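Peer 1: Take a look at the letters that make up each chain.
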Amino acid sequence: MSLLAAIRKLWHSIAPRTRSDVEEEFRSTLDAYKEDLIRQGLPEEEARRKARIDLGQPAAQNETYRAAIGLRLFDELGGDIRYGLRALRRNPAFSAVAVLSLALGIGATTAMFSLIYAVLLHPFPYAGSDRIMNLFFIDERHPDGFGFVTLSKAQFHDLGLAAPVDSVLGFNVVELEITGGALPEDILGIYLTENAGTFFGVRPLLGRSLEPSDAENGGHPVVVLNYRFWQRHFGGDPHIIGRTLEINHASYTIIGVMPRSFAFNDFAVADVYLPASVMPVTNVSDLAYLPWIKLRPNVTRAAANSALEPIVRQIAKQHPERLPDHWHLALQPIIWTFQEDTGRTLTLLLAGVVLLLIIGCANCSILLLARGRTRRHELAIRSAIGASRWRIVRQLLVEAIVISCAGAVLGVAASYWLAKLPLLLSPDSFPAESFIRINAPILAFSVGLALLCGMLFGLVPALRLSRHDSARMLPGRQIGGVAAPAKHRWSVLIAAQVALTLLLMATAGTAIHSFLGLMRMPLGYDPANVMQVGIQFHTKDPGEWGRIQSREARMAYIEQIREKIASVPGVSTIAAGTAATPPYSGNENSFEIDGTGDREQPQARVIFVDQRYFAALRIPLLQGRIWNKDENTRGDFIAVVNQAFATRYLSSSTAFGRQLRIPGLMPRNGYEVTSGQSTAWRQVIGVVGDARNEGIDHPVVPAIYLPYTTLMPSYAQFFVRTQGDPLSYLQSIRAAIASVASDQQISTGGLAGTFTLNEAIERDPQYRSQRLFSILFGVFSAMALALALVGIFSLVAYSVAQRTTEFGVRLALGAPRAHVLWVAARIALVSAAAGIVIGLALDSFLGAVLAHWMESAFAAGSLFAAAALLALSVLLACLWPARHAIAVSPTEALRYE
Amino acid sequence: MTKPVELPQGTLEMLILKAVSLGPLHGYGILLRIQQISGERLEILQGSFYAAIYRLERRGWIKGEWGESENNRRARFYSLTAAGTRQLKAETAKWTDMAAVVAGILAKKAGEI
Numbered sequence: 002m003s004l005l006a007a008i009r010k011l012w013h014s015i016a017p018r019t020r021s022d023v024e025e026e027f028r029s030t031l032d033a034y035k036e037d038l039i040r041q042g043l044p045e046e047e048a049r050r051k052a053r054i055d056l057g058q059p060a061a062q063n064e065t066y067r068a069a070i071g072l073r074l075f076d077e078l079g080g081d082i083r084y085g086l087r088a089l090r091r092n093p094a095f096s097a098v099a100v101l102s103l104a105l106g107i108g109a110t111t112a113m114f115s116l117i118y119a120v121l122l123h124p125f126p127y128a129g130s131d132r133i134m135n136l137f138f139i140d141e142r143h144p145d146g147f148g149f150v151t152l153s154k155a156q157f158h159d160l161g162l163a164a165p166v167d168s169v170l171g172f173n174v175v176e177l178e179i180t181g182g183a184l185p186e187d188i189l190g191i192y193l194t195e196n197a198g199t200f201f202g203v204r205p206l207l208g209r210s211l212e213p214s215d216a217e218n219g220g221h222p223v224v225v226l227n228y229r230f231w232q233r234h235f236g237g238d239p240h241i242i243g244r245t246l247e248i249n250h251a252s253y254t255i256i257g258v259m260p261r262s263f264a265f266n267d268f269a270v271a272d273v274y275l276p277a278s279v280m281p282v283t284n285v286s287d288l289a290y291l292p293w294i295k296l297r298p299n300v301t302r303a304a305a306n307s308a309l310e311p312i313v314r315q316i317a318k319q320h321p322e323r324l325p326d327h328w329h330l331a332l333q334p335i336i337w338t339f340q341e342d343t344g345r346t347l348t349l350l351l352a353g354v355v356l357l358l359i360i361g362c363a364n365c366s367i368l369l370l371a372r373g374r375t376r377r378h379e380l381a382i383r384s385a386i387g388a389s390r391w392r393i394v395r396q397l398l399v400e401a402i403v404i405s406c407a408g409a410v411l412g413v414a415a416s417y418w419l420a421k422l423p424l425l426l427s428p429d430s431f432p433a434e435s436f437i438r439i440n441a442p443i444l445a446f447s448v449g450l451a452l453l454c455g456m457l458f459g460l461v462p463a464l465r466l467s468r469h470d471s472a473r474m475l476p477g478r479q480i481g482g483v484a485a486p487a488k489h490r491w492s493v494l495i496a497a498q499v500a501l502t503l504l505l506m507a508t509a510g511t512a513i514h515s516f517l518g519l520m521r522m523p524l525g526y527d528p529a530n531v532m533q534v535g536i537q538f539h540t541k542d543p544g545e546w547g548r549i550q551s552r553e554a555r556m557a558y559i560e561q562i563r564e565k566i567a568s569v570p571g572v573s574t575i576a577a578g579t580a581a582t583p584p585y586s587g588n589e590n591s592f593e594i595d596g597t598g599d600r601e602q603p604q605a606r607v608i609f610v611d612q613r614y615f616a617a618l619r620i621p622l623l624q625g626r627i628w629n630k631d632e633n634t635r636g637d638f639i640a641v642v643n644q645a646f647a648t649r650y651l652s653s654s655t656a657f658g659r660q661l662r663i664p665g666l667m668p669r670n671g672y673e674v675t676s677g678q679s680t681a682w683r684q685v686i687g688v689v690g691d692a693r694n695e696g697i698d699h700p701v702v703p704a705i706y707l708p709y710t711t712l713m714p715s716y717a718q719f720f721v722r723t724q725g726d727p728l729s730y731l732q733s734i735r736a737a738i739a740s741v742a743s744d745q746q747i748s749t750g751g752l753a754g755t756f757t758l759n760e761a762i763e764r765d766p767q768y769r770s771q772r773l774f775s776i777l778f779g780v781f782s783a784m785a786l787a788l789a790l791v792g793i794f795s796l797v798a799y800s801v802a803q804r805t806t807e808f809g810v811r812l813a814l815g816a817p818r819a820h821v822l823w824v825a826a827r828i829a830l831v832s833a834a835a836g837i838v839i840g841l842a843l844d845s846f847l848g849a850v851l852a853h854w855m856e857s858a859f860a861a862g863s864l865f866a867a868a869a870l871l872a873l874s875v876l877l878a879c880l881w882p883a884r885h886a887i888a889v890s891p892t893e894a895l896r897y898e
Numbered sequence: 750m751t752k753p754v755e756l757p758q759g760t761l762e763m764l765i766l767k768a769v770s771l772g773p774l775h776g777y778g779i780l781l782r783i784q785q786i787s788g789e790r791l792e793i794l795q796g797s798f799y800a801a802i803y804r805l806e807r808r809g810w811i812k813g814e815w816g817e818s819e820n821n822r823r824a825r826f827y828s829l830t831a832a833g834t835r836q837l838k839a840e841t842a843k844w845t846d847m848a849a850v851v852a853g854i855l856a857k858k859a860g861e862i
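The listed protein sequences derive, respectively, from chains A and B. Going by the numbering used here, the first residue of the first sequence is number 2, and it counts up by one from there. Going by the numbering used here, the first residue of the second sequence is number 750, and it counts up by one from there.
Simulated from the structure, these hints should not be mistaken for laboratory data. Only a predicted model underlies this, so the values are computations on that prediction, with no experimental measurement involved. Among the clues, some could well be false.
Each computed DMTMM-like pair below joins lysine to aspartate or glutamate, with the alpha-carbon atoms no more than 20 Å apart [what the hints assert, rightly or not]:
hint	chain 1	residue 1	chain 2	residue 2
1	B	812	A	24
2	B	767	B	840
3	B	812	A	187
4	A	51	B	789
5	A	10	A	22
6	A	154	A	212
7	A	35	B	840
8	A	35	B	789
9	A	35	B	819
10	B	812	A	212
Only some residues are given here: those of chain B computed to face chain A with a beta carbon under 7 Å [what the hints assert, rightly or not]:
hint	residue
11	800
12	822
13	825
A virtual CB, placed ideally from N, CA and C, is assigned to each residue, including glycine.
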């Protein structure tokens, strides 16, 4: 059945008879009565008249019918709505301002709600996603952080049998290459245990998911594609199923494409999903899966923790290196990592938009009150001819709701784009799978919001306007000289509006202030015009890997590429390194230092670079020297430390000559090679300035710089300082690398990514969240300011227009113009000033609360700047319309009397 | 001619059901029949009459169908439905009971109370 037919059927069941049907029946009764009357001897004309007098008009009969079957309220509301729409059309300026005021508020609130819905309430497409847990443990010595427990296949099986567990998914994220094309392409793959299809319960867009049968006979070479990869690599080809994809020189059959909402895993979204059974086992660490555990329904986390702990203790006994000495289990839902930070961000933003909405509602109230003064006459007539107060209140409320619904329609349309703004500004703060769509809960939310707003801003004016005595109103239009009563309502509304606007402006000011502060913070290095170029060695190709597997060969390979890039015109300095990208650089390592053996395991960042790194990044040398070329090749016996390290660990004497050793510098997997004596004692030969290594917002932690040849992983980073924009050199750098090894591609992601150091800063979560707050609160407060000004402006303009006569009389009697101006703008000015004072008080009260949420207190400077800006704008918004009051010509004004 | 009687609240609907129970009637016919049965003593407010018919039809106690009237005019004829029959029976019983009780009370003499 079509929708139209359904509506028709519903309509028929509400009112089964049509107007013409009812009228025809009544007319036949009239005729029968009329004929009776004629038979009794009345002339025809007289009989028709009497029939109508006795029985009534056929045209009015439908109304009787609808009232009798209980549709009166419905009809009256329909009438009110039509009347409301007509009133909106009659006052286009009023309507536009009122509807836009609300559209801003409702749009922003709906956008924020849909974000919250997508990110916090319903972020994952997986079946039973609220029961899926990460297997975290907490190191009791460092209880702030948490670690992942990795499992091997047999342990997996044990875990799956535990009572509270419904099912367990194992996954392993690996970097892969698509081979067989002109240039290999780096992709991210995830090996999944073959129960993935049922575990996720997500219907694939095309083909099928991984199934247990894919594990048979040692695993089938099949692959499921991520939506974005499918779009990027295959242009969204719908006939992709059954084709093959060459990954790491092996051929895989494409069996499925996941829908867009599926973006496992949220920390590193994979391009391809492969069955775990085909994972090449090269060493022990490859064997370990990360587990996702889906609990049975109604199992508490505490129960699950205590049930799983013995199993994990068993694992810890077999693999003591995977867990610290003292730990306990702490399962966490998969949303948890996002809830922590993003939840706070969204709550704050929601508070901001709710303020905006309240300001919008206050604005509409003010407009309705102001307009209401011109409608008193009309309402008095309605009331005089018998409309009850409730009827008038209802009509005014319906008009308000018509406005708010119009605002909601516009707002929901706008929210679709508004909701994307935070995702664009801070993509890493949100799960990759949350994408914004307008759905039923969100629509219900905004419709509810619209009705609520309509009630909220409509009620005060409705109650106010419906209370009057018609006798006083009716005799004529109100005579000018009478001051309007009950102005305090406007004053309250304006004061509240101004106070809330100041609150938003102060918040925005603080956010912008601290963002600017963040940007001005000294970095300790110069990111301008420096680009990191990363390369990933082809470890999966036995021939190529064999050529660079030894330490010397790899060093020569890196040096060769470095020299080629250095010869590109425009490249001024180039350095090599690993894990050396600021503002997050190095790996945490324990070290020993001579003469302080009693100190408990001191920790420092170890950053692997070559001797040119400090020049390339312009990190100043404070003491001693940097190692030379030969020392760089050897890798052992020397170290350079940063200022923070020297202050913390070497303060007792001069830094030089002190010895330190780092016992952890051993190959961690089959790809890493080390220098001959990487763990031997090293002499500190220099101290360099502090360059940010723990994010731009955190103090620099102690760091040890070592020659990169000390420990070489399967990738390398080059730091290229160029003249002008480094990205414009990308093509020539690519060509330089290709001249060394034709199939060596530049990596785009991961540790060995390619980006400018300024981009690296922009990816800092602190930078992103502060930028997000600055921009969004900036926008919110600009909107709020605009709303408040429009409200004040229209209020003054209305009241001036109403009091034309009064001003004319005042001027005629010789009142100074300045005084008349003051009279016209007085109420708005005084209430706005009160609002600013209240706002300042509110800000100092909320300052402490906000300091907790935003990690920065209100800056007094930005608060007063905001207050001054607000005061100035309010003054203008008052005086601009008020100047019409002194432009009144006394004779002109009195003519209306 | 006897004095006209004013109809108590809510009884018009019962009278319409009664009128229709004797055979299908159009609106004007119902009006005439009620006046005829009551011996022209009932004054029916014209405005409330059709409203009552609409309400009864809405509740499903009477059913309207278009047909030909005695003088070949199209008219809407109402007949009692099964639910209407039950309703009329119940209303009649209730009314008779109440009337008997009220009449009984009013018939008491001063000494009997």
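Peer 1: Output the numbers, in ascending order, of every earlier hint that fails for this structure.
Peer 2: 3, 7, 10
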